[in-house]
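Make the full structure from the sequences, and use the hints.
2 protein chains.
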Amino acid sequence: MTTAIDGLIEKGKAARAASRRLARLSSEVKDRALQNIASSLIAQQEDLLEANESDYRAGKSNGLTEALLDRLLLNPQRLESIAADVRGVAMLPDPVGEVFDMRTLSNGLVAGKKRVPLGVIGSIYESRPNVTVDIAVLCLKSGNGCILRGGREAIHSNTALVKLIRRAIADAGIPEDSVQFIDNTDRALVEPMLKMEEYIDLLVPRGSSNLIRFVAEKAAMPVITGGIGVCHTYVDRSADLDRSVDIAYNAKVQRPTVCNALDSLLVHSEVATQYLPRIAHEWAKAGVELRCDMRALSILGPVQGVQAVPANEDDWGKEFLDLVASVKVVDSLEEALEHIEEYGSGHSEAIVAEDYSAAMRFLDEVDAAAVYVNASTRFTDGSQLGLGAEVGISTQKLHARGPMGLREMTSYKWVVMGSGQVRS
Amino acid sequence: MTTAIDGLIEKGKAARAASRRLARLSSEVKDRALQNIASSLIAQQEDLLEANESDYRAGKSNGLTEALLDRLLLNPQRLESIAADVRGVAMLPDPVGEVFDMRTLSNGLVAGKKRVPLGVIGSIYESRPNVTVDIAVLCLKSGNGCILRGGREAIHSNTALVKLIRRAIADAGIPEDSVQFIDNTDRALVEPMLKMEEYIDLLVPRGSSNLIRFVAEKAAMPVITGGIGVCHTYVDRSADLDRSVDIAYNAKVQRPTVCNALDSLLVHSEVATQYLPRIAHEWAKAGVELRCDMRALSILGPVQGVQAVPANEDDWGKEFLDLVASVKVVDSLEEALEHIEEYGSGHSEAIVAEDYSAAMRFLDEVDAAAVYVNASTRFTDGSQLGLGAEVGISTQKLHARGPMGLREMTSYKWVVMGSGQVRS
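Those sequence lines, one after another, are chains A and B.
For the first sequence, position 320 matches number 319 in numbering that gives the first Met the number 0, and the numbering has no gaps at all.
For the second sequence, position 319 matches number 318 in numbering that gives the first Met the number 0, and the numbering has no gaps at all.
It is worth saying that the hints were derived from the structure and are not from the lab.
Incorrect hints may appear among the rest.
As a list, the in silico EDC-like pairs of lysine to aspartate or glutamate whose alpha-carbon atoms are at most 16 angstroms apart [unchecked claim]: (1) A:K194 x B:E216; (2) A:K112 x B:D363; (3) B:K162 x B:D46; (4) B:K12 x B:E196; (5) B:K194 x B:E216; (6) A:K12 x B:E341; (7) A:K113 x B:E364; (8) B:K113 x A:D363; (9) A:K10 x A:E196; (10) A:K112 x B:D366; (11) B:K112 x A:D380; (12) A:K10 x A:D182; (13) A:K112 x B:E364; (14) B:K194 x A:E216; (15) B:K112 x A:D363; (16) A:K217 x B:E288; (17) B:K194 x B:E9; (18) B:K12 x B:E197; (19) A:K162 x A:E49; (20) B:K217 x B:E190; (21) A:K217 x B:E9; (22) B:K59 x B:D69.
From a predicted model like this one, the values you see are computed outputs, not experimental measurements.
Here it is as structure tokens:
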């Protein structure tokens, strides 16, 4: 154990030293390194697929579910798509070095801010091997070193991917120590990593809510918490009901296992009898189970082909990550707002409404990372919102909120250029 | 103790509830409240001065130093000046509600960010009663509730000030519970406050480095660490020496007890014999003690009237907060950069140079909240850098770096306005 912890600290020191050089590299060098990674993902796919097969076989014999096995799987198409994402990041503007808020003060000092990397990013994540590439590439582009700790299911794939990344960046002139990987998946090593505040400036956990809570509680360095989404869509009495069907259907069904999917549908009582059977019919075709309050149940209970059951108290404020939605009838916008304040996780919340004042009030009063009018909550995503990519989604208010792209992986320093100014 | 902790939690709940209303108040209401506070500070000065006299008498009989007693003292002129600062904050633009980075995405979604308050700010601070007014006023203007815990020396003054503030804001239509004050100065209550992450979104400690370290270590909510400044001024071989004397003199002497004052002077060996006696003479007039490395001592030791003694190892990287400076001769810009990287606290660092490349390299490579060319480090201050006022100075990289003004007391949310968009 002591040796393993020493090894961890060595990686921390190496990442810290490399990050100092990385912070000063030009965009040209960083982008060339990213292009190298993309080409290597294609050129060296045999090694990657072989390593992935070991993980897949082990996963199968350890009884992983089909869904988890599918998340784990790499194949030539998926590698193509990962490589395309890497090239996409290479093409984004480099946030580092941006000078902003610059002005000349009355005493002649020229003062403003210059964007700089944060330093070293730690990430603890589960399962999908593409996350290894995503995070490494976003950290490199934003000039940050990284220390990655993936799940044990993907250990062979992740090891092979990091080896490839380190070689590809070294070829472009970036210190390979910029990307560190913890290949010991012993859970006992997570807590010592969380105490490495001297070497890790920010920790981004990605995975189950248990993992995120554990990291937030134990970490000595700042943590970006997020990725837990209890998302509501409220159908106002003024809503266009066709639109409301499309939006709630998309938010629940298009990809139910993700954090920005709909968990709870709130419907104004004036449109509930008209709207609920329509959305329930559509959802039924996709196999969605509805957990209803008494009023919703009295409308949906008699409807043929709809799986409507009474909701338990803990179905409100629950992230289902599955084809399940809780459904509640409310008598006013206020009641919807109060429900969201009580049960929402501050991730993504939507109103469907034609009434201008209702829409504006919802936008103003809902306290969440992303608030929508007349759109699906599924758009809370770095690529969808124009950031190009994301390291994760923050539901905290400090530093960054919502999708964390390249700019959100940076800090700034004040630069002040004088000609002999002193303070009087 | 249990009752005292219950009382603390009650204040937390009250601040949280009030902050929800405060977040939605118009700038007009907030500014009227600030003007009320300013007028009350003048109109009700008798009560304030009486309360302050109790603190002053107690401080005197408890043996506070003259410097601490002076920090504690309120008088009509100081109240005038505090009131003027409050009016100054009222006149700053309100950061809340600012909409930025708004654009229309290719699918027609209009997406951007809207600035919102953080929620409830906690502050633990020592001694000076004007800090109570500063923090309360900056929190109010930025739409945040606050929970203040001042030092026991100023308990009567702070109690009277908070009473005045709460009455003044209530008159303007702001819930008085927006400003909470912990009037129990039992140290045992600090730790329970640091566990109130449910009610406090951000903690800003102001005071000694011991206090700041304690808070950073124990707090369950995010903390802005800062205010500890080990500041270097490096005189390059290309420096204008007249300017170097003015800048180093100002940085050390103008106000030696603050975090942005000079602690360490680094001088290039090519100009050391010429420069060091000049600055040492000027500093000697102000009573500055010089702790020198061997080379600086060999130059300054023989100089009449200069207090030059050998430096100990712990004089490097020390925040003196006094008329003391450590002095070192270096052979290159690189050596200066390495010394600053090793011993600096990431607060404020300056180079004096006429060589363009040396100046630019210093700006690029020094990793600190504020980096200066040819100016005194004393400008690291919210008012001086154009923020109008500051809650504190952050030396961390996350969220905000350098002086924390009104904008740094806010977060944002994504607002997304659609016309039925769903994700494909």
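Each hint, compared with the structure:
no.: 1; hint: A:K194 x B:E216; result: holds (12 angstroms)
no.: 2; hint: A:K112 x B:D363; result: holds (12 angstroms)
no.: 3; hint: B:K162 x B:D46; result: holds (11 angstroms)
no.: 4; hint: B:K12 x B:E196; result: holds (11 angstroms)
no.: 5; hint: B:K194 x B:E216; result: holds (11 angstroms)
no.: 6; hint: A:K12 x B:E341; result: holds (15 angstroms)
no.: 7; hint: A:K113 x B:E364; result: holds (12 angstroms)
no.: 8; hint: B:K113 x A:D363; result: holds (9 angstroms)
no.: 9; hint: A:K10 x A:E196; result: holds (13 angstroms)
no.: 10; hint: A:K112 x B:D366; result: holds (13 angstroms)
no.: 11; hint: B:K112 x A:D380; result: holds (14 angstroms)
no.: 12; hint: A:K10 x A:D182; result: holds (11 angstroms)
no.: 13; hint: A:K112 x B:E364; result: holds (14 angstroms)
no.: 14; hint: B:K194 x A:E216; result: holds (12 angstroms)
no.: 15; hint: B:K112 x A:D363; result: holds (12 angstroms)
no.: 16; hint: A:K217 x B:E288; result: violated (44 angstroms)
no.: 17; hint: B:K194 x B:E9; result: holds (14 angstroms)
no.: 18; hint: B:K12 x B:E197; result: holds (9 angstroms)
no.: 19; hint: A:K162 x A:E49; result: holds (14 angstroms)
no.: 20; hint: B:K217 x B:E190; result: holds (7 angstroms)
no.: 21; hint: A:K217 x B:E9; result: violated (27 angstroms)
no.: 22; hint: B:K59 x B:D69; result: holds (11 angstroms)
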